[in-house]
Amino acid sequence: MSEPVIDVKGLRTERGGQTIHRNLDMRVDAGEIIGLVGGSGSGKTTLLRVVIGLDAPAGGAVRLFGIDPLNAERRERLSVRRRFGTLFQAGALFSALSVFDNVALPLRELRGLDKRLIRDLVMLKLHLVEIEPRHAGKMPAELSGGMVKRVALARALALDPELLVLDEPTAGLDPDRSRSFVKLVQSLSRERGLTVFMVTHDVDTLSILATRVAVLAEGRIVADGPLDKIKQDKHPFIASFFGTTQPLPKPT
Amino acid sequence: MASGLVQLKTTDAGERVVILSGDWTLAALRSSLRKSFKALKAVAGDPMLKWDLRQINAMDSTGALLIWRAWGGDRRGSSLLKADHAAILERVAAVPPVEVARWRSDLLAPIVFLGRSESRFFENVLAIVTLVGMLVLDAIYLLTHPRQVPWREISATIYKAGALALPVTALVGFLIGVVISYLTADTLKAYGAGIYIVNLLGISIIRELGPLLVAILVAGRSGSAMTAQIGVMRVTEEIDAMITMGISPIPRLVLPKVIGMAVAMPLVSIWAIAAALLGGALAAKAQLGISVIYFLGSLPKAVALDNIWIAGVKTLSFGMAIALISCHFGLRTKPNTESVSNSITTSVVAAITVVILLDAVFAIMFRNVGFD
Numbered sequence: 001m002s003e004p005v006i007d008v009k010g011l012r013t014e015r016g017g018q019t020i021h022r023n024l025d026m027r028v029d030a031g032e033i034i035g036l037v038g039g040s041g042s043g044k045t046t047l048l049r050v051v052i053g054l055d056a057p058a059g060g061a062v063r064l065f066g067i068d069p070l071n072a073e074r075r076e077r078l079s080v081r082r083r084f085g086t087l088f089q090a091g092a093l094f095s096a097l098s099v100f101d102n103v104a105l106p107l108r109e110l111r112g113l114d115k116r117l118i119r120d121l122v123m124l125k126l127h128l129v130e131i132e133p134r135h136a137g138k139m140p141a142e143l144s145g146g147m148v149k150r151v152a153l154a155r156a157l158a159l160d161p162e163l164l165v166l167d168e169p170t171a172g173l174d175p176d177r178s179r180s181f182v183k184l185v186q187s188l189s190r191e192r193g194l195t196v197f198m199v200t201h202d203v204d205t206l207s208i209l210a211t212r213v214a215v216l217a218e219g220r221i222v223a224d225g226p227l228d229k230i231k232q233d234k235h236p237f238i239a240s241f242f243g244t245t246q247p248l249p250k251p252t
Numbered sequence: 001m002a003s004g005l006v007q008l009k010t011t012d013a014g015e016r017v018v019i020l021s022g023d024w025t026l027a028a029l030r031s032s033l034r035k036s037f038k039a040l041k042a043v044a045g046d047p048m049l050k051w052d053l054r055q056i057n058a059m060d061s062t063g064a065l066l067i068w069r070a071w072g073g074d075r076r077g078s079s080l081l082k083a084d085h086a087a088i089l090e091r092v093a094a095v096p097p098v099e100v101a102r103w104r105s106d107l108l109a110p111i112v113f114l115g116r117s118e119s120r121f122f123e124n125v126l127a128i129v130t131l132v133g134m135l136v137l138d139a140i141y142l143l144t145h146p147r148q149v150p151w152r153e154i155s156a157t158i159y160k161a162g163a164l165a166l167p168v169t170a171l172v173g174f175l176i177g178v179v180i181s182y183l184t185a186d187t188l189k190a191y192g193a194g195i196y197i198v199n200l201l202g203i204s205i206i207r208e209l210g211p212l213l214v215a216i217l218v219a220g221r222s223g224s225a226m227t228a229q230i231g232v233m234r235v236t237e238e239i240d241a242m243i244t245m246g247i248s249p250i251p252r253l254v255l256p257k258v259i260g261m262a263v264a265m266p267l268v269s270i271w272a273i274a275a276a277l278l279g280g281a282l283a284a285k286a287q288l289g290i291s292v293i294y295f296l297g298s299l300p301k302a303v304a305l306d307n308i309w310i311a312g313v314k315t316l317s318f319g320m321a322i323a324l325i326s327c328h329f330g331l332r333t334k335p336n337t338e339s340v341s342n343s344i345t346t347s348v349v350a351a352i353t354v355v356i357l358l359d360a361v362f363a364i365m366f367r368n369v370g371f372d
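Line by line, the protein sequences are chains A and B. Residue numbering for the first sequence is 1 to 252, as defined by the numbering used here. Residue numbering for the second sequence is 1 to 372, as defined by the numbering used here.
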């Protein structure tokens with residue numbers, strides 16, 4: 001793989017007069033599952049928003065599939081947006097649309113897919129995230145927190161994206177669902193070479209899923225590598241983050 | 001990126017094989033979806049054909065779904081494919097077929113709808129009456145415990161619904177004054193009764209138009225804001241948080257709004273009436289040559305003082321009604337964002353309707369007062 005999926009160079013971001021990231025470099029290659037960790041307020045979500053082109057950086061360059069997601073030509077920007085799916089922290093389901101319509105929306109936006117194909121694709125995605133068909137007609141307000149998250153994941157997967165951007169994917173899921181989420185992402189990544197960029201606090205998910213962990217502190221990536229190597233790092237944040245929790249053994 | 005290709009070949013052994021190649025992904029198939037599916041369907045009819053999917057470069061669930069549909073939801077046992085693609089097809093196959101419920105027309109639906117709206121109407125009336133009762137009890141409690149009166153919230157309501165509404169009410173009042181004066185001046189002049197414009201404007205604006213105008217403006221402006229505020233607090237569970245802290249939401253959220261509006265509305269409407277009379281006087285000067293000084297000087301003779309009191313009582317009750325209805329619909333909001341927008345719509349419509357109803361009641365009650 002020559003071209004990185006996400007390429008951030010010398011990023012500087014500011015919010016409310018405060019500098020959040022200083023000269024931050026990060027690179028994610030195709031097929032990687034990268035976990036971003038950091039203390040609260042360290043700018044994880046801000047970094048995620050900058051990467052997917054929701055916020056503008058104050059300096060530096062962001063490339064998503066080799067394209068600047070904010071300043072590229074309209075057509076290019078649109079084509080980039082179809083290549084990744086985002087799972088927001090609180091789900092961000094459209095409250096006016098049913099579960100089915102939420103997942104169908106990105107497919108309908110493509111135009112030209114026939115109704116039956118859309119229906120089958122939506123049912124397939126809902127099946128992937130273990131939402132039973134009888135919940136398809138429900139409104140987001142009628143769902144539990146965990147279900148909202150899973151429907152949001154189904155929506156993020158609707159267009160079979162090459163890159164999946166996840167903000168706290170397992171927060172609010174019970175351990176059983178977390179495990180099946182991990183399994184799903186693993187198999188998608190294996191079969192389709194799905195790239196995953198996730199922000200998480202969940203050490204279990206990190207240890208099983210992430211091929212690489214990046215630690216965000218002091219406005220930059222202070223450590224980057226496989227989890228086992230990261231844990232040896234002497235940085236005070238890393239020591240306290242991994243120090244108290246013992247990761248579960250990998251399931252066989 | 002070559003989109004999905006379907007080829008029919010005969011091997012050296014004389015076997016006929018369907019060879020799929022290229023990219024079977026949503027991105028690649030998007031423009032040629034129907035064509036690819038037709039090509040698949042054309043060869044899928046023959047169950048004796050062997051399928052070779054090994055040359056497929058990339059496959060995603062859309063591609064797999066197309067192939068699966070062409071196969072008619074049945075695995076072709078003798079097909080050759082990559083392990084990863086087999087897993088994708090396996091996942092498509094695992095989805096249980098769904099029966100989509102047919103939409104059936106319900107002949108009774110209009111009657112059910114009518115009944116539902118009626119019972120909802122009575123539910124709302126009951127809830128508002130309950131709310132009034134709770135407010136009265138809270139007010140009595142506060143009278144005996146004056147230290148707990150929420151002064152800060154009351155003053156915030158007066159500022160937001162009163163002081164901040166001054167510019168818009170003045171502008172609208174002024175323009176309405178100009179318009180009414182302008183429209184009636186010609187007719188009055190034709191009868192040689194131009195001087196009576198003072199009576200006409202004085203009575204209609206002070207007694208009727210001023211209070212109603214302000215009430216409708218404030219219902220749209222502050223009523224919607226109150227419903228939105230309380231509704232959002234419900235969505236974000238702030239009201240539940242208040243209750244758990246032992247702060248009861250009705251005296252803290254609803255009561256200050258009702259009192260604040262009762263204070264602010266008469267003041268705002270006097271302000272708007274003044275602006276409307278000024279507009280009317282200026283237009284009368286331009287059209288009929290009646291000087292502004294004369295206009296203002298003859299106002300007290302033309303309009304009995306009782307009319308001002310009526311205006312005051314009316315606007316006070318309008319203000320309380322708007323606050324009550326807005327808070328009621330805010331509290332009734334269900335904890336989801338969709339419900340907030342519904343609540344605001346209903347709240348503004350209900351508030352304006354109730355204001356006009358009250359206005360009619362006042363018109364009947366005071367029909368013998370203020371005309372001499």
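Be a bit skeptical, because a hint or two may be false.
What the hints assert, rightly or not - Result set (DMTMM-like, lysine to aspartate or glutamate): computed pairs, CA atoms no more than 25 Å apart in a straight line:
1. 35(B) - 120(A)
2. 115(A) - 138(B)
3. 183(A) - 218(A)
4. 115(A) - 132(A)
5. 82(B) - 106(B)
6. 50(B) - 74(B)
7. 35(B) - 109(A)
8. 231(A) - 218(A)
9. 334(B) - 101(A)
10. 160(B) - 186(B)
11. 115(A) - 237(B)
12. 82(B) - 132(A)
13. 38(B) - 130(A)
14. 138(A) - 237(B)
15. 38(B) - 176(A)
16. 231(A) - 191(A)
17. 334(B) - 142(A)
18. 35(B) - 29(A)
19. 82(B) - 114(A)
20. 9(A) - 29(A)
21. 183(A) - 202(A)
22. 183(A) - 240(B)
23. 334(B) - 208(B)
24. 334(B) - 186(B)
25. 183(A) - 138(B)
26. 38(B) - 114(A)
Because the hints were derived from the structure by calculation, they are not lab data.
Hint check:
1. Distance restraint check for residue 35(B) and residue 120(A): the Cα-Cα separation of roughly 19 Å lies within the 25 Å cut-off, and the hinted pair is therefore satisfied.
2. Distance restraint check for residue 115(A) and residue 138(B): the Cα-Cα separation of roughly 57 Å exceeds the 25 Å cut-off, and the hinted pair is therefore not satisfied.
3. With a C-alpha separation of about 33 Å, the suggested pairing of residue 183(A) with residue 218(A) is violated against the 25 Å cut-off.
4. Under the criterion of a C-alpha separation no larger than 25 Å, the hint pairing residue 115(A) with residue 132(A) is consistent with the structure, at around 20 Å.
5. The hinted pair formed by residue 82(B) and residue 106(B) fails the criterion: a straight-line CA distance of about 51 Å is larger than 25 Å.
6. Taken as a hint, the residue 50(B) and residue 74(B) pair is honoured in the structure, with Cα atoms around 14 Å apart against an allowance of 25 Å.
7. Annotation: proposed proximity of residue 35(B) to residue 109(A) holds, straight-line Cα distance about 20 Å (limit 25 Å).
8. For the proposed pair residue 231(A) and residue 218(A), the alpha carbon gap of about 18 Å is at most 25 Å, so the pair holds.
9. Restraint check for residue 334(B) and residue 101(A): the C-alpha separation of about 21 Å stays at or below 25 Å, so the hint holds.
10. For the suggested pair residue 160(B) and residue 186(B), the alpha carbons sit about 40 Å apart, so the restraint of at most 25 Å is broken.
11. Distance check on the hinted pair: residue 115(A) and residue 237(B) sit about 39 Å apart at the alpha-carbon level, beyond 25 Å; violated.
12. Proposed proximity of residue 82(B) and residue 132(A) is contradicted: the alpha carbons are some 29 Å apart, above 25 Å.
13. Of the pairs offered as hints, the one joining residue 38(B) and residue 130(A) is violated, with about 31 Å between alpha carbons and a cut-off of 25 Å exceeded.
14. Using a Cα cut-off of 25 Å, the hinted pair residue 138(A) and residue 237(B) holds, with the two alpha carbons roughly 22 Å apart.
15. For the hint linking residue 38(B) to residue 176(A), the alpha-carbon distance of about 42 Å lies beyond 25 Å, and the restraint is violated.
16. With a C-alpha separation of about 29 Å, the suggested pair residue 231(A) and residue 191(A) falls outside the 25 Å cut-off, and the hint is violated.
17. With a C-alpha separation of about 11 Å, the suggested pair residue 334(B) and residue 142(A) falls inside the 25 Å cut-off, and the hint holds.
18. At roughly 34 Å between alpha-carbon atoms, residue 35(B) and residue 29(A) are farther apart than 25 Å, so this suggested pair is violated.
19. Annotation: proposed proximity of residue 82(B) to residue 114(A) is violated, straight-line Cα distance about 28 Å (limit 25 Å).
20. Taking the CA atoms of residue 9(A) and residue 29(A), the gap is near 14 Å; set against the 25 Å cutoff, the hint holds.
21. For the suggested pair residue 183(A) and residue 202(A), the alpha carbons sit about 15 Å apart, so the restraint of at most 25 Å is met.
22. For the suggested pair residue 183(A) and residue 240(B), the alpha carbons sit about 37 Å apart, so the restraint of at most 25 Å is broken.
23. For a cut-off of 25 Å, the pair hint linking residue 334(B) to residue 208(B) is broken: about 37 Å separates their Cα positions.
24. For the given pair, residue 334(B) sits about 54 Å from residue 186(B) by alpha-carbon distance, which is inconsistent with the 25 Å threshold.
25. Distance check on the hinted pair: residue 183(A) and residue 138(B) sit about 56 Å apart at the alpha-carbon level, beyond 25 Å; violated.
26. For the suggested pair residue 38(B) and residue 114(A), the alpha carbons sit about 13 Å apart, so the restraint of at most 25 Å is met.
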